[in-house]
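K.L.:
Here is what each chain is made of, one letter per residue.
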Amino acid sequence: MDKLLYDLRYAVRTLAQTPGVACTVILTLGLGLGLVAAVFTIFNAYIFRADEVRDPHELFAVRRQPTATAEAEPFTQDAYDALLRETEIFTDAIALGPQIDRWIDGQRMEGPLVTGNFFQVLGVSAALGRTFTAADDLAGNRVLVLGQRAWQRYFAGDPGIIGRTVRVNEMTFDVLGVMPAGFRGLGIDPPDFWMPLALAGDLGRGADGALPVDIVGRLRPGMSHGEALARLDAWDLRRSAETTGARPAASLVIEPRQGKVPLSVDTMLTFLPLFFAFGLILLIGCANVANLLFARGVARQREIGIRFAIGASRRRIVRQLLTESLVLALAAAAFGFGVSRLVLASVVNYVTSAMTGLGDIRLALMPADWRVVLFLVAAAIASTLCFALVPALRATRVELAQAMHGAVTHDVRPGRARNMLIALQVTGSVLLLICAAIFLRSSWRAASNDPGVRIADTVFLGIGNEQARDSILDAVRADPEVAALAAMSPAALRALAGTAAGKSAATYRWVSPEYFDILGVAVMRGRLFTPDERGAPVAVVSERMAQALWPGRDPLGQELRLEPDPNEAEGAPVAPAQMPRFTGAAVVIGVARDVAGFRVGGATLLAGPDVYLQATTETAGTSLALRVRGDPAIVVRGLRERLATIDPAIGEIVPLQELARMEATLLEIPFWLTLALGALALVLTLSGLFSVLTYLVAQRTREIGVRIALGATRYRISALALAQSIRPVGIGLLLGGGLAAALGALLLATPAAELIGQTVRLFDPLAYGASLLLVIAACAGASLVPALRAGQVDPVTALRRD
Amino acid sequence: MNETNRSLIHLVDLKKVFFTDEVETHALSGVHFDIAQGDYVAIEGPSGSGKSTLLSILGMLDTPSGGRYLLNGEPVESLDNAQRAHIRNREIGFIFQAFNLIGDLTVFENVELPLTYRSGISKQERKERVHEALERVRMAHRIRHYPAQLSGGQQQRVAVARALVGKPSILLADEPTGNLDSKNGEAVMGLLSELHSGGATICMVTHDPRYSAYADCSIHMFDGRIVDEETLNRLREEEDRRIADHARGGRTA
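Chains as they are written, first to last, in the numbering used here: chain E, 1 to 802; chain B, 1 to 253.
I should point out that these hints are in silico values taken from the structure, not numbers from a laboratory. From the three backbone atoms N, C-alpha and C, an ideal C-beta is built for every residue, glycine too. Zero decoy hints are in this set.
Covered stretches of chain B, as calculated for chain E (at least 3 residues, CB under 8 Å): (1) 50–59; (2) 74–85; (3) 94–102; (4) 111–117.
Below, simulated SDA-like cross-link-like pairs (lysine to any residue); rule was C-alpha separation at most 20 Å, straight line: (5) E:Lys3 to B:Gly120; (6) B:Lys15 to E:Glu399; (7) B:Lys183 to B:Gly153; (8) E:Lys3 to B:His86; (9) E:Lys3 to B:Arg126; (10) E:Lys3 to B:Asp104; (11) B:Lys123 to E:Asp2; (12) B:Lys123 to E:Ala11.
Residues of chain E clear of chain B, computed beta-carbon distances all greater than 10 Å: (13) Arg63; (14) Asp101; (15) Arg130; (16) Leu138; (17) Ala241; (18) Cys386; (19) Ala478; (20) Thr507; (21) Asp532; (22) Arg534; (23) Glu658; (24) Val683; (25) Ser687; (26) Ala712; (27) Leu735.
Bound-form chain B, shown alone:
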């Protein structure tokens, strides 16, 4: 993380607790970190470590149970739904594992969608910005196609264009290669690197070390906490050993 720049995202002791019936699950337990303008951060960790929960909170799809979250220096953890929607629309661009394009809309309309939720943008300006975004991901030639007519890689490029079109402060990518083969995965990662080189701030969740290598730095998560890489590896090994012991115990019994 680039500490010389002003923090775009500043998390202090962030917590998230889920309550299901009488069971209390701590998805995030005191997470601290900063993301500065122009950073490319990868969040790594095994399944259930809290990385997707963290990304949901960063993207303001979810609210923290405790702690502070400052976006561009403004506290956002206690905003109401409409204010959060406003910030999502202007400051955040999402790239999902499952692309999440709307099947009823064409490529153009999918990319245009975030702009339709803004006021003060003329139709002409919307058109120009959509074209520009699609040019950047090299999908301008598929403008009239529907998502179902595209390959997975193409769909994800359209999703990236949709994330870019609103000129957000940060791109949040949740396992962006999870639904792609390795060739298309590499292509998408290449596209993100290209965007980063152009100045984009990116925060990506992945469990694949190959892809986290594209980022400037990685945050490792385990059991809702940020740990360093060494600790993460040790904890993983301990976990694996415990599972193996348990399995052996079960067989001997």
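Extracted from the complex, chain E is given alone in its bound form:
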């Protein structure tokens, strides 16, 4: 301990005497550690951090195991009541109803319906006001508890919110309380509100006890997991026999429910690329620091020699050097903690405020707990070994007798280790920049993609409740901001299109005649549907379809047969069940321009269809396409508010422009991420390259003086200095490019290859070329300054040097 304290004291003093070195190391490492800690904070928030409830380890959820042929059947509210009544597995249990979204005082919010004992069982109190009691969970009690985020965001943290009446769609609710910030209600993201389960009927979710619920209970003390499961199975068997007279379709499982994502291969695969990308920065930072320590090791050879001479063992000196590095790494970890908070706050702020195209993203700043601190300390120790061990071992490999006479073992030429570190840094930079360029190009491609439909003033409106269709249509028609409306099936349906010549797969869509005008789909030949053709077997086909079915012939007047496609289930877009399927013959009356559509998250929207059939706005299952006046985003907000009073469960109302831009917006996230990381990596690499070359030139000043004295030109001296960087940079470029290509090939070998291939061009030669050129130019720039400086060495001064 005494020696450790001595080493620590000396380390702190040494670093204080070289503040430049200390600051450089702390900044470089702190940046890398901070970035990795930011990823870990997210990982921790979702994977490790249990919800802030009392004794979360006692909480277990009961559910049915899905079978090979059937989805897991949810429990009902009746089953929950029976389980509580008929078993003693749990000391108490709660039921979480479905997540619902509602307009509360003009803001769309989401939250679950819960039993009145929800908060008591979880052992949490309200931060403001109170939580539910059993008495609140009675039909007609229109009360709610707000989440901290919703209170802050939508009510500006108003302390007077308690007891206030808020408008929930067409109803009024009293706010009972506000929950504390850390409470997530056993979910991953904190809900905006909680409402009593007894209100399910009022909220249009059914009140006959058949409401699907999740059951979560506090396991009775002393009861093992196995015993609880055995009792549950027996109860389930008995109940099933009583209610259905049959055995349960699937067995039960009982699993911990602590409000976190289970650690699985899938979650690891999600986080692995993030850790890898952010870890690269740390690795590059470590390489920079290692290079710095190599140089410092040479400068400290005399001191190290003295320590050896007076009896220090090599292990002792290595320990001291590692202590110095550890002090730096721990200081860097403290700085990194700040960096991680700043990065996360910036990302959350960017995603929630700048990326409005993705809707209301429910993302809050992830808290940092002891695990994050522990991770940072562990990462600091690991980094110390990474950047300091080899330099320490090298620094203590001195020729003692020479060192005692002041002659240091000059390590002036770029050794293998130094070259390897530069190559590693360049590799990381190239890899990240190629990724950024690929995402940028893909994002541009998505943004500049012409969907072939008019998107600027078009809004989609989904009708979820057919009973409210007429009222919704009346309201929309009467809305002064709506210029026109058309009906359309929300998804294209698949069929087999047959002619006398044969059959081919096709898609068809029900549309009203106004659809073509609102979406800007031009009819190239023939005509559109007329109102009196409603229900008549007439069709408009796309140019592509016309060409495919009747090549070189006039499609107008041709008969087209549509019949069910036996392969429809495979990858078919999901169309509402009430959407009628067409089977039979139709006469082609027009040919419409092909529509490319646009991609959103792996699906192509509005593409095609091959055939249009006539529908009206009254056709069940159809959605509406609206042409609006003014800013679609503002119009949509107004429409949502107005239509929610008619149908609280009104479907999506979304500007088409927003949908069309979504793919590009989604691609912008990895682009900015990899660009920021790539830029950071490049800056660190360049600073490392610059420092190393500057150091080498300084160390070789005498040699340069001799060369000049022997007749070397300044140009040749500069070229000599420049040549020192060519090899490691070249190796880094090859490795980085190769690694990017290998990663691309690996991704294309996964089951998601098709989706990835459609979204991004993994082998985009322009992305590769531009990234490599950028790195080459930057490295040349960083090398040029020390190289030119080498050419400026004064031989007289250099030769006089000691």
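Chain B: place on chain E using the hints.
P.N.:
Chain B only, in chain E's frame:
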């Protein structure tokens, strides 16, 4: 050398060969001698004679290529690095020409340094021994100073205190006055004589006959071998003549 006492250092046919590319340099060729407890030995010789190499081997900073080296009766020529470090720390005290104090450490810390590499010495004991060593070299009043704040002579006195603090069996001094003016040089030599009078065993390398006179006896080296004083003078003269002839030949040609 005092042959009546048991040998502290006993060298038998010690050799040291350096290999540089394909060139083989014999720095030491069959060196024999003994140093007994309480001796004060000066090693003299011209530049390149092998005296510093010999001192490095004596101080276990370097290893011999052949021969035997017994320290306190124990063979030490084939010890591993950790064992050599252990012996250096306990048995040997170094005084260098360039002082070799660590600039980041105060006088106290520089002197304390060898003790920090030992286990079993309490902080209090370290403090007392450092004070004692600094008192002996009359530098206790500069305890908080850094080496850069001291004169050359003062730095060398601190270096002597550092060599003494571990109570080594022998002090090895490599040209201890080489970086000092004559006044400070004399002072340091006086200090070494004082230590010797107090019982210290000293082995000093010097090329200055004035300072070798402080020692009880001198070992003369030439071309890696120990020679007597007469032979050394003759060899020196021959060497000088050869150089002069060579220079003359060069001019006439």
